[in-house]
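S.K.: Residue strings, one per chain:
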Amino acid sequence: MPQDALFDYVLRMGDNCLVLAQRVSVWCGHAPVLEEDIALANTALDLIGQTRLWLSYAGEIEGKGRSADDLAYLRDARAFRNCLLVEQPNGDFGQTLMRQFLFDAWHHFTLGALKNSADGRIAEIAEKAAKEVAYHLDRSGDLVIRLGDGTAESHNRMQAALDHLWPFAGELTTPDEVDEALTQKGVAADLAQVESQVSAYMEKTLAEATLSAPKDAPVRKGGKTGLHGEELGYILAEMQFLQRAYPGATW
Amino acid sequence: MYAQEVKSTGKPVKSLDEMDPEERAFQERIDADIKIEPKDFMPEGYRKTLIRQISQHAHSEIVGQLPEGNWITRAPTLERKAILLAKVQDEAGHGLYLYCAAETLGASRDEMTEQLLAGKAKYSSIFNYPSLTWADIGAIGWLVDGAAIMNQVQLQRCSYGPYSRAMVRICKEESFHQRQGYDIMMKLVKGTDAQQEMAQDALDRWWWPSLMMFGPPDAQSVHSAQSMAWKIKPVSNDELRQRFVDQTVPQAEYLGLQIPDPDLKWNEARGRYDFGKIDWNEFYDVLKGNGPCNKERMAARQKAWDDGAWFRDGLMAHARKKQSRKMAAE
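Protein chains in written order, with our numbering: chain Y, 2 to 252; chain F, 508 to 837.
Don't read these hints as lab results, they were simulated from the structure.
One or more of the hints may lead you astray.
To be verified - Below 30 angstroms or equal to it, Euclidean Cα-Cα: the simulated BS3-like pairs (lysine-lysine) are: (1) F:K810 - F:K833; (2) Y:K132 - F:K829; (3) Y:K132 - F:K784; (4) Y:K129 - F:K810; (5) Y:K116 - Y:K132; (6) F:K555 - F:K810; (7) Y:K216 - Y:K65; (8) Y:K205 - Y:K222; (9) Y:K65 - F:K829; (10) Y:K65 - F:K697; (11) Y:K216 - F:K810; (12) Y:K205 - F:K697; (13) F:K828 - Y:K205; (14) F:K833 - F:K555.
Stated by the list, open to error - Chain Y side only, calculated, beta carbon under 10 angstroms to chain F, not exhaustive: (15) R24; (16) V27; (17) C29; (18) A32; (19) A42; (20) A45; (21) L56; (22) F94; (23) E125; (24) R147; (25) G151; (26) M159; (27) L207; (28) V220; (29) L243; (30) Q244.
Unchecked claim - If you want the footprint, here are the derived chain F segments under chain Y, 3+ residues with CB under 8 angstroms: (31) 591-598; (32) 601-615; (33) 655-667.
Even glycine gets a Cβ: it sits at the ideal position worked out from N, Cα and C.
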């Protein structure tokens with residue numbers, strides 16, 4: 002169980018990055034302004050870099066010789082461990098941005114905690130990723146504020162995106178057995194602590210953005226244990242196309 | 508990359524004696540290889556030709572994101588995905604420097620974008636071809652970026668300072684792009700039969716359109732003479748095309764791929780390759796909007812612009828609010 006929990010935990014970190022990068026990179030060439038094309042490509046690039054670190058480590062923990070690419074390209078949906086939030090469709094740019102913002106906030110505080118993980122490799126990856134993610138959160142937080150407090154239309158779109166995505170964000174800060182077992186060992190981020198940091202940050206930022214988080218919305222979860230929405234299969238079908246169509250080829 | 512058939516004044520090049528003193532002093536600076544900077548005097552024709560050329564170049568970078576962006580989500584490995592993302596991001600960055608360079612000549616980015624969407628400003632014909640397989644990503648890097656570098660290396664010597672400096676920076680990144688394209692091709696030709704076929708098929712489809720990137724033959728290029736006199740474009744279309752062929756044929760041989768031109772052969776006397784006739788009807792047809800993807804490319808850019816209006820307006824409104832709150836507080 003302990004090794005499986007560690008494998009699962011590291012997969013979750015990697016799969017979140019991978020699935021979100023897939024989603025975000027679809028905007029390449031289609032964003033509302035050129036600066037966003039550049040910023041989104043940059044975000045996706047950071048996330049792919051982090052994916053490679055996490056999934057390589059997951060493969061080592063598993064010990065069956067699977068590489069980061071094997072894990073990314075040759076697993077089916079049930080074996081993916083990303084949260085539901087990151088697989089949500091891009092929607093309009095407001096939804097893409099809100100999804101990024103909710104994820105970045107959790108990601109930032111989680112990596113902050115993981116820098117002190119009892120697992121040296123996790124601490125090392127978190128150290129590197131945290132620098133990139135601090136920038137992601139600066140950027141998405143700033144845009145959420147500006148668009149929330151922009152025109153009536155930009156406000157309405159950001160509020161609608163928040164209403165829609167908020168229930169998914171809860172999955173990230175809700176601990177399960179894997180989180181609890183590894184938190185006790187000092188390996189995982191303590192989600193109770195992350196939750197309070199995220200809440201404080203959200204409260205301040207959303208107030209500045211003149212947006213309000215839905216009250217008492219039930220948390221929508223399942224991804225962390227492999228119970229995904231129907232969308233994930235399509236994300237994987239697209240991502241894994243070449244590896245599936247030309248088995249064993251090298252690229 | 509990627510200026511083709513940039514309209515200049517359309518008039519014959521004046522001799523120094525035909526120029527008024529101001530224009531003559533300008534031409535003498537150019538002849539002495541002194542860079543022209545934004546605040547310097549420049550003839551209106553020089554300014555307009557440069558705006559056309561730089562904006563066309565910028566638009567090409569922007570539209571050029573689309574055929575490659577098409578494969579980011581399907582890149583076959585995490586490393587390939589990261590490299591392709593970095594490349595497409597660089598291209599958007601090139602678009603940004605180039606729009607800034609054009610802005611120093613008094614054209615705003617919004618105006619240039621509107622001209623692109625209205626079909627008044629062009630972008631390189633090459634991006635109206637579809638990227639159908641992963642090998643196309645290799646071929647685009649190898650051939651299209653290779654052609655772009657050939658063109659841009661000479662533009663580093665352009666007489667207009669901001670454009671020339673943008674080119675120096677862009678050229679450094681483009682050589683990385685070409686290498687990644689060639690590297691994709693190398694992997695394919697060393698791979699399975701299906702991968703080798705994929706590589707040959709991509710070369711077959713991208714070869715001729717890549718040669719067209721340099722623009723029409725010198726004899727038909729009415730605007731080249733003035734642009735060359737102004738050193739906006741120091742080397743002619745045909746010379747650049749020839750250099751590209753000479754550089755690329757040995758690379759194709761090394762890959763073991765066949766260039767789809769039965770007339771291609773080494774000319775010992777010239778010390779260069781002879782190559783077959785380009786189908787200029789296809790080129791002009793693509794420029795007119797009848798290429799395989801012209802409609803889709805413009806529709807994608809139009810949609811990005813239209814769907815992004817609320818985003819841009821929101822940011823502007825916020826900036827105004829912030830400004831007025833700041834003033835109220837003072």
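S.K.: For every hint, state whether the structure bears it out.
M.R.: Against the structure, the hints:
Note on K810 of chain F and K833 of chain F: the hinted pairing is violated, with a Cα-Cα distance of about 35 angstroms set against a maximum of 30 angstroms. Distance restraint check for K132 of chain Y and K829 of chain F: the Cα-Cα separation of roughly 29 angstroms lies within the 30 angstroms cut-off, and the hinted pair is therefore satisfied. Between K132 of chain Y and K784 of chain F, the direct Cα distance comes to roughly 54 angstroms. Violation of the 30 angstroms bound is thereby established for this hinted pair. Using a Cα cut-off of 30 angstroms, the hinted pair K129 of chain Y and K810 of chain F is violated, with the two alpha carbons roughly 37 angstroms apart.
The straight-line distance between the Cα atoms of K116 of chain Y and K132 of chain Y is roughly 11 angstroms, inside the 30 angstroms bound, and the hint therefore holds. Simply put, K555 of chain F and K810 of chain F have alpha-carbon atoms about 28 angstroms apart, close enough for the 30 angstroms limit, and the pair holds. About 45 angstroms separates the Cα atoms of K216 of chain Y and K65 of chain Y, which puts this hinted pair outside 30 angstroms; it is violated. Proximity of K205 of chain Y to K222 of chain Y is assessed by CA-CA distance (about 25 angstroms); at most 30 angstroms being required, the pair is judged to hold.
Taking the CA atoms of K65 of chain Y and K829 of chain F, the gap is near 56 angstroms; set against the 30 angstroms cutoff, the hint is violated. Distance restraint check for K65 of chain Y and K697 of chain F: the Cα-Cα separation of roughly 28 angstroms lies within the 30 angstroms cut-off, and the hinted pair is therefore satisfied. Proximity of K216 of chain Y to K810 of chain F is assessed by CA-CA distance (about 35 angstroms); at most 30 angstroms being required, the pair is judged violated. Restraint check for K205 of chain Y and K697 of chain F: not satisfied, since their Cα atoms lie roughly 56 angstroms apart, outside the 30 angstroms limit.
Taken as a hint, the K828 of chain F and K205 of chain Y pair is honoured in the structure, with Cα atoms around 19 angstroms apart against an allowance of 30 angstroms. Restraint check: the Cα-Cα separation between K833 of chain F and K555 of chain F comes to about 40 angstroms, which exceeds 30 angstroms; the hinted pair is violated. The interface hint given for R24 of chain Y is met, as the beta carbon of that residue sits about 9 angstroms from the closest beta carbon of chain F, less than 10 angstroms. At about 6 angstroms, the closest approach between the beta carbon of V27 of chain Y and any beta carbon in chain F falls short of 10 angstroms, and the interface hint on this residue holds.
Checking C29 of chain Y against chain F by beta carbon gives a least distance of about 4 angstroms; that is within 10 angstroms, so the hint holds. Because the smallest distance between the Cβ of A32 of chain Y and any Cβ of chain F comes to about 6 angstroms, under 10 angstroms, the interface hint for this residue holds. Of the supplied interface hints, the one on A42 of chain Y holds, with its beta-carbon coming within about 4 angstroms of a beta-carbon of chain F, less than 10 angstroms. At a threshold of 10 angstroms, the smallest CB-CB gap from A45 of chain Y to chain F is about 5 angstroms, leaving the interface hint in force.
With 10 angstroms as the threshold, the beta carbon of L56 of chain Y comes within range of chain F, its nearest partner Cβ sitting at about 8 angstroms, so the hint holds. Using the Cβ-Cβ criterion of 10 angstroms, the hint placing F94 of chain Y at the interface with chain F is satisfied: the shortest such distance is roughly 5 angstroms. With a least beta-carbon distance of about 19 angstroms to chain F, the hint placing E125 of chain Y at the interface is violated under the 10 angstroms criterion. Of the supplied interface hints, the one on R147 of chain Y holds, with its beta-carbon coming within about 4 angstroms of a beta-carbon of chain F, less than 10 angstroms.
With 10 angstroms as the threshold, the beta carbon of G151 of chain Y comes within range of chain F, its nearest partner Cβ sitting at about 3 angstroms, so the hint holds. Of the supplied interface hints, the one on M159 of chain Y holds, with its beta-carbon coming within about 8 angstroms of a beta-carbon of chain F, less than 10 angstroms. Restraint check, L207 of chain Y versus chain F: the minimum CB separation of about 15 angstroms is more than 10 angstroms; hint violated. Evaluation of the V220 of chain Y hint against chain F yields a violated restraint, the C-beta minimum of about 29 angstroms exceeding 10 angstroms.
Satisfaction of the interface hint for L243 of chain Y is found here, the shortest Cβ-Cβ separation to chain F being roughly 4 angstroms, below the 10 angstroms cut-off. This hint holds: Q244 of chain Y has a C-beta 6 angstroms from the nearest C-beta of chain F, less than the 10 angstroms allowed. Counting residues of the stretch 591-598 of chain F whose CB lies closer than 8 angstroms to any CB of chain Y gives 4, so the stated coverage by that chain holds, three being the minimum. Counting residues of the stretch 601-615 of chain F whose beta carbon lies closer than 8 angstroms to any beta carbon of chain Y gives 3, which meets the minimum of three for the stated coverage.
With 0 residues bearing a CB less than 8 angstroms from a CB of chain Y, the stretch 655-667 of chain F misses the requirement of three and the coverage assertion fails.
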